[in-house]
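A.B. asks: Chains as they are written, first to last, in the numbering used here: chain A, 1 to 275; chain B, 1001 to 1299; chain C, 2001 to 2263.
Be a bit skeptical, because a hint or two may be false.
Unchecked claim - Chain A side only, calculated, beta carbon under 7 Å to chain C, not exhaustive:
#, residue
1, Ala72
2, Gln76
3, Leu79
4, Ile87
5, Gln89
6, Arg99
7, Val112
None of these hints come from the bench; they were simulated from the model.
Backbone N, C-alpha and C fix where the C-beta goes; we use that ideal spot for every residue, glycine too.
Below are the chains, spelled out letter by letter.
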Amino acid sequence: MSAPLLSIEAVGKTFDVAGRHARALDSVTLEIVAGECHAIVGESGSGKTTLANLIIGLHAPTEGVLKWKGEALPAQRPLALKRAIQIVQQNPRSALNPRRQIAASIRLPLDVHTLYARRAREGRVILLLEEVGLDASFLSRSPRDLSGGQLQRVAIARALACEPELILLDEPTSSLDVLVQARVLKLLDKLRREHGLTYLFISHDLAVVRAVADRVSVFDRGRLVETAGVEALFAAPRHEATRRLIEAIPVVTEAEAELRDRFRAETLSKEGQSP
Amino acid sequence: MPSDEVILHLRDVRLAFGKSGGATEVLHGVGLHVRKGEKVALVGESGSGKSVTARLILGLLQEERGVSVSGSIRFVGEEIAAGGDFVRDARGRRLTMIFQDPSSALNPTFTIMDQFHEVLRRANPGISRRAAHAKASQWLTDVLLRDPDRVLSSYVFQLSGGMSQRVMIAMALANDPALLIADEPGTALDVSVQAQTLKLMEELATRLGTAVLFISHNLGVVREFADRVYVIYRGRIVEHGGVEQIFANPLHPYTRALLRAVPKISEAGLPDLPEFSEDFLNPRMDHPGCVEPADEVAS
Amino acid sequence: MLGLVIVVAIILSATLADVLTPYPEHVGPVGDFSAMNNGPSGDHWFGTDTIGRDLLTRIIYGYRLSLTMAVVVLSISAPIGVAVGLVAGYSGGWLGYLLMRATDVFLSIPPLVLAMSIMGFLEPTLLNGMLAVTAMWWPWYARLVFNVTRSEAEEGYVLAAETIGASTAHILFLEILPNCWPSILTKITLDVGFVVLMVASLSFLGLGVQPPTPDLGSMVADGAKYMPDSWWLTIFPALAILLIVLGFNLLGDGLREAFDAER
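This is chain A alone, in the form it adopts within the complex (with noise of 0.2 Å):
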């Protein structure tokens, strides 16, 4: 049993806005497992991104606390610290400088961090690029000339150059192409061993979910309502919020189908039995 890298403790969020408190969160409380890639699921309100801004720092919780490694991740970061938790955003295009070229923005963490000699880093950006399924031809490209999956892949060499153990993929593919999607989610599964990665993968498709996540966490208008291993999840689930989950995604095929009545059908018998 792995000590856990990431520990959320009876962490909570209240944000005032226009003179209302609005509560994202309340008494989460999660561990994240060194290697594992640990799915955050729920509907949009949920409090799955404002969970994420806390984990990499953009906020700090209002209540509980968020450890590293055992020791509590203080508000403002240090560089080696900022360095361990890094980021690939929903939209692609809105997370690369379109008025940089690809090697300055994949090549920011190594300069930021001093990471390997200044002449060096060049090809250290080409390796970068290599491993997520481009070449050396993408250095002095821009933002505008790639399509998404190209930029997403740009924007994942980016989050690697930091050499981090924790990546927050906040809906890394949602808004890629089916077959583009594949691609990306057979490489960051890739990058996650080869590297000994873990991944924080937030998602509202728990078809994904299902394809890449070792356990899942769901959440419910600011709650952690549930925590399972994948397949436990999805042969037993048992909170109400996570039937509605699996019930809403639209199925392609028949086995899906019978899977989705299933649930549907015992949740009318639940919801027969509550008065």
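We have chain A; now place chains B and C onto it with these hints.
C.D. replies: Chains B and C only, in chain A's frame:
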């Protein structure tokens, strides 16, 4: 129930942008049809040409510069490939469209009632505000919105995504169109909200006998909703079949790749698939029993 | 395109004024007393002024002055304004608020009035004229850059840079600023015309350049007294102002179109 009457028929439609010297062809001979009461899906990824097809049918593209269209687009028997008055007149009445993001498709500076009134005026120019209000109210009830009066007096930013989507569906069906084009409806919404609104749209369209052309990149949604499916890839229709046929037995390499690539809730892991393969460019394959209407006698 | 042609022509002629102009000695206070107040002729294409100085020469030297002023004013005010806008737009909070309210104070006073009041305290010299114009010019850049920065700060690449641990200086100058360039450059080219007009206005009111330095605004003011008889004394300098402003405006429009097409 689907009848024989052909509401929409595209034959060998080609579309190119740019000047005749260096024009880029975007659609390479697209052919499809929708009969009365049918729900037909046009499935494709980005760059496939599905969205421009919708704009072509509506006659919107033809009004722009540098657009050249050839082939035939017949709507309720009238030729509209070149755009023109007939289709302009039909827009909003006999031919309506709903869009991906309801919050941006509705005008933020007018109330819902103002906009509904506009919509109803298209079919009935003299309709009074009161009569329009009554009709709109009835429609909002039909789309399962509680408290229609409150919704009518609201602005779009006061409504949730799901509510705006229902308002848009109501406005699109209020004038009893012959054809409704739905362009990626609900993509901007949460999954469960999307599922509900699509179900609603399906029920209403069935009840009214409206033909629906449903444009999407989401195979699962198409499977729930459509009777027949066209798969479009890089400006060409590559497969055409009934919904059960396509999903149970996809014929074209591109369709097969798509279906294998979609993550499924019933299985873990992902297959290793190429992003592109030469045989994606194979010619169109139609499933048995799925034929385009024989060339109507050009009378 | 036309704008570029006009601007290049003006810049070239101003730079090469010593060589190009027919009567470079007429820049000073001494003209050709035998040809005073003559209309346009073969010898003097734009005519001469009341003390016999060739108008064409003085106009071209006037361009030199205008361009110099524009360069000086903009090369000081633009960087100040851009820096203020960047910091205010990215920091937000009380710092952003403070900076932008200070900017608002300057923006709320009509530019010419502000320049005039500053000049009221200072001696009417060329240098002071430039100082006054500079002082009231930077807020426009601050506001422009503030707005662009505010929207760019929401973009994913800024979040990415922050997560990577890039310094604030890096984010401001190497991530956000490059996205502000199109707006800034467009504004600078348009502003050249406006600075010229501003200086001309100040001179027209007697608050800027002093004689005998040839300045387009002063020439218009002086010549106005002799309208409509010696019409060339006012009309040609006025047309010259029109031309330089038009040229830079067209250039600015062209730049803006080029940047939009890029998008």
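A.B. asks: Each hint should be assessed against the structure and marked as holding or not.
C.D. replies: Evaluated hints:
no.	hint	in the structure
1	Ala72	violated (19 Å)
2	Gln76	violated (11 Å)
3	Leu79	holds (5 Å)
4	Ile87	holds (5 Å)
5	Gln89	holds (5 Å)
6	Arg99	holds (4 Å)
7	Val112	holds (5 Å)
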